[in-house]
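Enquirer: Sequence:
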Amino acid sequence: MAEGFGPLVLNPKQEREAKLLRKSVLKHFQHLEDPRADRGRNHSLVSLIALAILAVLAGADGFVAIEAYGKAKQSWLKTFLELPNGIPSHDTLGRVLGMLEPEQLRSGFLGWIGEITEKLNLS
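Take the sequence shown: its position 45, counted from the start at 1, is 45 in the UniProt record's numbering, and no numbers get skipped.
These are calculated hints, taken from the structure and not from any lab test.
In this text, a Cβ means the ideal position worked out from N, Cα and C, and glycines have one as well.
Check the hints yourself; a few may be wrong.
Stated by the list, open to error - Distance ranges between label pairs, derived from CB positions:
hint: 1; residue 1: N121; residue 2: G98; range: 21 to 29 Å
hint: 2; residue 1: Q14; residue 2: E101; range: 19 to 27 Å
hint: 3; residue 1: D61; residue 2: S107; range: 17 to 25 Å
hint: 4; residue 1: N11; residue 2: A37; range: 40 to 48 Å
hint: 5; residue 1: K73; residue 2: L26; range: 15 to 23 Å
hint: 6; residue 1: K13; residue 2: A37; range: 38 to 46 Å
hint: 7; residue 1: V9; residue 2: E101; range: 20 to 28 Å
hint: 8; residue 1: E82; residue 2: A37; range: 13 to 21 Å
hint: 9; residue 1: N11; residue 2: E101; range: 32 to 40 Å
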C-alpha cells in the first residue's frame with residue numbers, strides 16, 4: 001500500500017501474529033551489539049536484520065532486492081518492526097550487515113525461526 005492511503009488494518013489473528021513476530025524478533029536479536037556510531041543509527045539494528053531475513057526467505061538475492069522487498073511490504077513490516085525513517089537503503093543494509101558477526105546472526109536466526117514456526121503452528 002502506498003504511503004498516504006491510511007494504515008494497514010489487521011484482523012485479530014493478524015494482530016496476534018504481528019505481536020508474536022515483534023516479541024520474537026526482539027528476543028532473538030536484541031542482544032547483538034550494534035557496531036555503528038550513535039550518530040549513524042537512523043534504523044533499528046533489529047529491524048535491519050529482520051528485514052534482511054524476511055526478504056531473503058522471500059527470494060531476495062542481494063541488498064538492492066532486500067530494499068525493494070522492504071518498500072513493497074512496508075505497510076506490513078511496520079506492523080511489527082520499528083521503521084520511523086522508512087526502509088533502509090541497499091547501501092545502509094550492506095554496510096551495517098557487513099559489520100555483524102555471522103555466528104551471532106546464525107544463532108539468532110535459528111532461535112527466531114524455531115520459535116515462530118512453533119508458535120504459529122508451522123512445524
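Enquirer: Run every hint past the structure and note whether it holds.
Expert: Now for the hints, and whether the structure bears them out:
no.	hint	verdict
1	N121 to G98: 21 to 29 Å	35 Å, violated
2	Q14 to E101: 19 to 27 Å	33 Å, violated
3	D61 to S107: 17 to 25 Å	23 Å, holds
4	N11 to A37: 40 to 48 Å	41 Å, holds
5	K73 to L26: 15 to 23 Å	19 Å, holds
6	K13 to A37: 38 to 46 Å	41 Å, holds
7	V9 to E101: 20 to 28 Å	39 Å, violated
8	E82 to A37: 13 to 21 Å	19 Å, holds
9	N11 to E101: 32 to 40 Å	38 Å, holds
In summary, the numbered hints that this structure violates are 1, 2 and 7.
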